[in-house]
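Relying on the hints, combine the two individually framed chains into one complex.
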Amino acid sequence: MSSTYVRSLPVARTHRNRRAQAISLLGPLTVAAGLVWAIVQPYRLTLLHPHGQGFWWLVVEPPLLVVVAGLFFALVVARPLLTDLEEFEASPRAIDARAGGCKPARHRRTSPTRRNA
Amino acid sequence: MQPRAEMVHWMFATGLLVLGLCLLAEAIVGPEVWRARRWRAYLWPGLAFAMGVLMWPVMTFFTNSAIHMYAHGSWAEVLMLAGGAELGLVHGRLKSRWWRLTMPLAFAVTGTAFIVHEQNTWFFQRSAFLHHLLGWTFLIAAVIPLGLVFRPRSAALQASFALVFVVVATMLYCDRDLAPVFGHLSPLAGVPHR
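So the protein sequences, as listed, match chains A and B.
Per this note's numbering, numbering of the first sequence is gapless, rising by one per residue and ending at 117.
Per this note's numbering, numbering of the second sequence is gapless, rising by one per residue and ending at 1194.
Chain B with its partners taken away, still in its complex shape (with noise of 0.2 Å):
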């Protein structure tokens, strides 16, 4: 009764996708109208944190090996460290922006892991290719959180950190668990289902 892992993938990107989109919203009507409602707030830092909390059954359920529990192990934390600092920036339990530092190491750590725990090379079949461009995307758009710490009133880097979220999304919709990528399907992969 264990959902496929491009399933897992797929919900995933659900929440990604619902995730940039409360970001997309805020740096559109900007922080003053997208806090008038205390719930409203909490919503996306409390989504990535439930995120969080949730890769923890992934990491449970869908351990192939050593590297893919650490991997998901690290995503958990980061996600729900990163979450749980901007709950406390908008609770305002947190003051200091240094604490928005957190986001990048989560992009830093997240880029890293997808890489890492990716074994195969690019054209081995889809999934492989979709996690060293998730990895690759994750450490590049690093810097945008980053920008954002110093920069947090950026309309433009707001609504680039928002777009990382759906372009991930949309990368981890188009997961499979054995497909081809651009035509390339290694013989050792497998056989492709539907």
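Pulled out of the complex, with its shape left as it was, chain A reads as follows (with noise of 0.2 Å):
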């Protein structure tokens, strides 16, 4: 039985940082699409060439209000829940509901309905 355990915490912790790394990367690809579309598509700036422009045309920017989104989500959405995925992952229901769901117990459950078929 512990050595189930053993052998499983490795797997769930590979799936934990798995599952901070996908978070904590969304914000930083958001904020990059948008720097390359301002890089592809120069012209949507309307910052790089103000003159004449209206109010309009200088506040909404695409490719800024991507990187405003990205930039949103990282610094509002994805840090404090990096922090409480950590916090959940180490807390004792946590690491229940790991140890629960490494049991081979679908395997228990199964064989002795095959063995009766």
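Worth flagging that the hints you see were computed from the coordinates, not collected in a lab.
Just to be clear, a hint being listed does not mean it is correct.
[As the list claims (entries may be wrong)] Selected chain B positions facing chain A (in silico; Cβ < 10 Å):
#	residue
1	C1022
2	L1024
3	R1040
4	L1094
[Said to hold, decoys possible] Sample of chain B residues lacking proximity to chain A, with all beta carbon distances greater than 10 Å (derived):
#	residue
5	E1077
6	V1090
7	G1092
8	S1154
9	L1185
Ideal Cβ placement from N, Cα and C applies to all residues, glycine included.
As structure tokens, then:
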């Protein structure tokens, strides 16, 4: 029983790391998408040629909006979320859930049925 | 001092992009972690509701025709309904999972309104193409929130639901008031600006 836990812990940790990595990548990837767009289509950035532009053209610039969305997500949502994810994974509830999830209960349950069949 | 229609599309695209990122994050970490902080649980339903509210000024100030008014008005209603239902579910005021049916309803109404209120053909110009594409995307993608009503814990459905918003945001960012689409631009559309 204990050996099952020991073997499955690194798998759970890898899973957790992957989740944390995915969360921490979402914001920077969005920012990068906005920057790439700005480089590919610089004419959509009116800040580069602001002379004679109206208020809305200066405020609403799609590549910058993507960057702002990415920054908002990374700073306001992802940061506290990563802290919570770490705390949750360290909590006894999550450890119990992991241990429960690692038990080969399904095999035990299915094998007698197969034998009966 | 009124923004162009394409700018309104871009602003809504930003809202939908943030919504999609939040939903994607929730799908990755799971609802237990996502709802660890109260404000975060309300974030995306609140954003959806706020976008529904903001759709009313769009209906008021961008009424090119009666059909535009009906389309924007119905979006405002269903977005507020879906966002409000999610807010109620998160808060605990609403208990029944059937309230989640408001989201596929919002998708279906949005898709239909997109298709109906675009009166030009697909390749008339870019915005016409995108309105048709967005309409069909919403109509087809309505099966995802419908599936979530019956399988709310499905990570695949949650991720797909989030990605729909990211895809829709991308389409809205591509919108221009007057621009060609794949080299097609009807002479009736007018002269494209930058």
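* **Non-interface claim for V1090/B versus chain A (Cβ beyond 10 Å)** => holds, 16 Å
* Status of the stated non-contact between S1154/B and chain A (beta carbon gap over 10 Å) -> At roughly 17 Å from the nearest Cβ of chain A, S1154/B sits farther out than 10 Å, so the non-interface label holds.
* Asked: Holds or violated: is there a CB of chain A closer than 10 Å to the CB of L1094/B?
  -> violated, 24 Å
* Is the Cβ of E1077/B farther than 10 Å from every Cβ of chain A? -> holds, 26 Å
* **Cut-off 10 Å, beta-carbon criterion: hint that R1040/B touches chain A** => holds, 7 Å
* Quick one: work out the minimum CB distance from L1185/B to chain A and report holds if it exceeds 10 Å, violated otherwise. => holds, 18 Å
* Hint check: 10 Å Cβ-Cβ cutoff, L1024/B to chain A -> holds, 6 Å
* **chain A contact restraint for C1022/B - C-beta distance below 10 Å** => holds, 6 Å
* Check the non-interface label on G1092/B: least C-beta distance to chain A beyond 10 Å or not. => holds, 20 Å
Checked against the numbered hints given earlier, this structure breaks only hint 4.
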